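Fit chain R to the supplied structure of chain P, relying on the hints for placement.
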Amino acid sequence: MMKMSNRVFNILFHTHTISGIVISAVLYVIFFAGSFSFFRDEIISWERNEPVLESNLPDLDLNAMLDTLQQGQDLYGRDITFSKYLEGQRIAVNLSAPKATTGEQKGRKRGSYYYMNIDDFKTYTYASNYSIGEFLYRLHFLAQLNLYGRSGYLIAGIVSFFFLFAVITGVIVHWKKIISSFYVFRPKASWKNIWTDAHTALGILGLPYQFVYAVTGVFLIISTTVMSPPVLSFLYEGDTQKMYDDLGLGNKEFPMAMAKLEGEVDFNRFVETTQSYWSDFYIKSVKIYNYGDANMHVAVEGHPEYSRDFIGEGELVFNGKSGEIIHEKNPFENTSYIDGATGVLYRLHFGDFGGTGLRVVYFILGIASCFVILSGVLIWLVARDKKNVEERKRKFNRWLGWVYLAICLSMFPATAFTFLAVKLFVHEFDASRMTSIYQIFFYAWLFFIVLFTAKRDNFFTNKYSLIIGAVLGVLVPVANGIISGNWIWVTYSRGYNDILLIDIFWLIGSLLTFSIAITLKRDEKRKAAPRAMSRKAKVA
Amino acid sequence: MPANKKYLTKSFSQRFAKISAGILGGYMVTMSLHLALAYWLNHANVIMTLRFVGFIIWVALLIIAFLVKNGWKTWGIYLAITFVFALIMYVGKIYHPIP
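As given, the protein sequences belong to chains P and R, one line each in that order. Per our numbering, numbering of the first sequence is gapless, rising by one per residue and ending at 546. Per our numbering, numbering of the second sequence is gapless, rising by one per residue and ending at 113.
Chain P on its own, in the form it takes in the complex:
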């Protein structure tokens, strides 16, 4: 057995505490919003009332979509990408700037990006395509804080780096008693023991999950920003293109023939060919290079169905004119180390490889991690609320507790309120949609934070944030039924499973939260009841 000196224990304990308390509130926001992001696609379907029945690329009519795009703009010589980032009725379309400036294409032409509904071919810009799902997804890596460059991403990255630090130091600190303390829960003991037991037990239970999220999170958000500058200057001597090519991030280029392609091209054929070429292949995107040019090429990209293979990236590149395959990357065999490692890191983070059940488990573990964060803050608070601590410091600690708990716990009612308010009042799919969602969420959040901080009572914050969130949450399926007519029994009988999932989630989640919240009782008699926990205790 490894022996740890008191010095090592205390130093690591201290660094665990400090790194934990500094990142706690932001980390809570990341975990809370991130947990909801597992259901991003379902949330979007629910919000737009667009059930996803058939949306796979092979079912789309690319010819018709291109005809629609053709109206009002010249597509000749552009690269056009259709990609399916999420399960939904809308597909992302990326148009590059035209590569050739012919006589009729004068004037400033830029690339553009939008979403197209696969049924009625309506197009949406980024802002009009915005949704609660997208909002919560982006909140979980603090995109809304990108006020100065990519400052939000950087903060999220630094937080996940110190989260990794806190996870590892936490394990070392608890190492000696890691087995025994896992089984300890003393509900009748002092508050400090309760928070400690909960923090340790859930921390160990969620340890693999939290470690995975710390590593994959920091990889996804800042690995390029932080790790690439020295690599670029030493290894590649400033050649960015070469580095991206080596890492498989580069783009293909095909030269333009500068002559229009004769005859009609059936774009659906490329997808059909790919499908019959590889069964069990999930097509993620179709990229058309040099549209309408004699040297047009079409790349069909994707990965194996997750039921067959966990990792792998595949691609077929066709010559647009002859239709023959000029390049093949087999998704099932000889997966490179880079594709494999990237695939594992993405799959583990997105949790999208095991169906809805796995995402529910991931969601529960995510919320459990929120609890680990909060109980950590409460240990910090309770441990410092002692008579021998300076009054000035104690006052600061108490305020920190009130503000932190208000920020964290308000997220639940604010999220429930956003679902409700967007469903009831935001029906326009225009550029104002993004602003409306921002305002609804952030003002609701601010309102609850101010309310709970002003009350200066952690017990009140805890109990009433849960009750308010649960009451608002139980109204979410009701609002959806009134507005869209898609009541739970309707979506159930029609098989709109994605919409049903969100309604069921709010219904069960809210009832569960409510039943827990009403049983919460202020315990005045608890041994060493910390003053910070309640103002009344101070008066008593």
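The hints are simulated quantities; they were obtained by calculation from the structure and are not laboratory data. Mixed in with the good hints there might be a few duds.
The calculated lysine-lysine pairs, modelled on DSS-like cross-linking and capped at a C-alpha distance of 27 Å, are [said to hold, decoys possible]: (1) K392(P) to K24(R); (2) K182(P) to K107(R); (3) K20(R) to K183(P); (4) K19(R) to K183(P); (5) K20(R) to K401(P); (6) K20(R) to K393(P); (7) K399(P) to K19(R); (8) K19(R) to K198(P); (9) K183(P) to K83(R); (10) K20(R) to K198(P); (11) K392(P) to K20(R); (12) K293(P) to K335(P).
If you anchor each label on the Cβ, the simulated ranges turn out as follows [what the hints assert, rightly or not]: (13) Y109(R) to L153(P): 42 to 50 Å; (14) F26(R) to K194(P): 38 to 46 Å; (15) N84(R) to P193(P): 39 to 47 Å; (16) I70(R) to K392(P): 35 to 43 Å; (17) L101(R) to P235(P): 18 to 26 Å; (18) P16(R) to D286(P): 52 to 60 Å; (19) F26(R) to K392(P): 21 to 29 Å; (20) Y21(R) to V456(P): 37 to 45 Å; (21) I70(R) to F453(P): 38 to 46 Å; (22) L151(P) to F26(R): 24 to 32 Å; (23) K87(R) to H333(P): 37 to 45 Å; (24) K83(R) to I24(P): 17 to 25 Å; (25) G329(P) to L101(R): 50 to 58 Å.
Just so it is clear, the structure is predicted and the values come from calculations on it, not from any experiment. We treat Cβ as the ideally placed atom computed from N, Cα and C, and that holds for glycine.
Chain R alone, transformed into the frame defined by chain P:
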């Protein structure tokens, strides 16, 4: 119970040395290790590894920096290790240049 203060670093210069050695020095060791390996192994794979394993190594070096009694000594060791890896890089660049 908060950590026992008698084991914690009190002097400002020592604290500064430990934190800066852990963060900056740790970064230098992590980067130079992977750059040195990149010249001798498949460089693209090493860079990919750096992008996720690098953070774990960096965190480990940060923890070690807090544990060593003298923060300036940590700086010295981390700089020395970086220097050794830089030498390996230098030799690697001569014999196995990146194509």
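Taking the hints in turn, this is what the structure says about them:
1. Taking the CA atoms of K392(P) and K24(R), the gap is about 22 Å. The hint holds against a cut of 27 Å.
2. Distance check on the hinted pair: K182(P) and K107(R) sit about 46 Å apart at the alpha-carbon level, beyond 27 Å; violated.
3. The straight-line distance between the Cα atoms of K20(R) and K183(P) is roughly 23 Å, inside the 27 Å bound, and the hint therefore holds.
4. Restraint check for K19(R) and K183(P): the C-alpha separation of about 22 Å stays at or below 27 Å, so the hint holds.
5. Pair hint K20(R) plus K401(P) holds up; C-alpha atoms about 24 Å apart against a cutoff of 27 Å.
6. Our distance criterion of 27 Å between C-alpha atoms is met by K20(R) and K393(P), whose separation comes to about 20 Å.
7. With a C-alpha separation of about 16 Å, the suggested pair K399(P) and K19(R) falls inside the 27 Å cut-off, and the hint holds.
8. Among the hinted pairs, K19(R) with K198(P) is consistent with the structure: their alpha-carbon atoms are about 20 Å apart, no more than 27 Å.
9. Distance restraint check for K183(P) and K83(R): the Cα-Cα separation of roughly 26 Å lies within the 27 Å cut-off, and the hinted pair is therefore satisfied.
10. The suggested pairing of K20(R) with K198(P) holds, with an alpha-carbon distance near 23 Å, which does not exceed 27 Å.
11. Only pairs whose Cα atoms come within 27 Å are accepted, and K392(P) paired with K20(R) is accepted, the gap being roughly 19 Å.
12. Restraint check for K293(P) and K335(P): satisfied, since their Cα atoms lie roughly 15 Å apart, inside the 27 Å limit.
13. Taking 42 to 50 Å as the suggested C-beta distance range, the pair Y109(R) and L153(P) conforms, at roughly 47 Å.
14. Separated by about 44 Å at the C-beta atoms, F26(R) and K194(P) satisfy the suggested range of 38 to 46 Å.
15. For the pair N84(R) and P193(P), the beta carbons lie near 45 Å from each other, so the given range of 39 to 47 Å is met.
16. For I70(R) and K392(P), the Cβ-Cβ distance of about 37 Å falls inside the hinted range of 35 to 43 Å, so the restraint holds.
17. The hint said 18 to 26 Å for the Cβ distance between L101(R) and P235(P), and at roughly 21 Å that hint holds.
18. Judged by the Cβ atoms, the range 52 to 60 Å given for P16(R) and D286(P) holds: they are separated by roughly 56 Å.
19. F26(R) and K392(P) have their C-beta atoms about 26 Å apart, which keeps the hinted 21 to 29 Å range intact.
20. Under the hint 37 to 45 Å, the C-beta atoms of Y21(R) and V456(P), about 40 Å apart, fit the expected range.
21. The hinted range of 38 to 46 Å is satisfied by I70(R) and F453(P), whose Cβ atoms lie roughly 41 Å apart.
22. For L151(P) and F26(R), the Cβ-Cβ distance of about 31 Å falls inside the hinted range of 24 to 32 Å, so the restraint holds.
23. Look at K87(R) against H333(P): about 55 Å separates their beta carbons, and that is not inside 37 to 45 Å.
24. The given range of 17 to 25 Å is respected by K83(R) and I24(P), whose C-beta atoms sit roughly 19 Å from each other.
25. The supplied range of 50 to 58 Å is met by G329(P) and L101(R), whose beta-carbon atoms lie about 55 Å from each other.
The structure is inconsistent with the numbered hints 2 and 23, although it conforms to all the rest.
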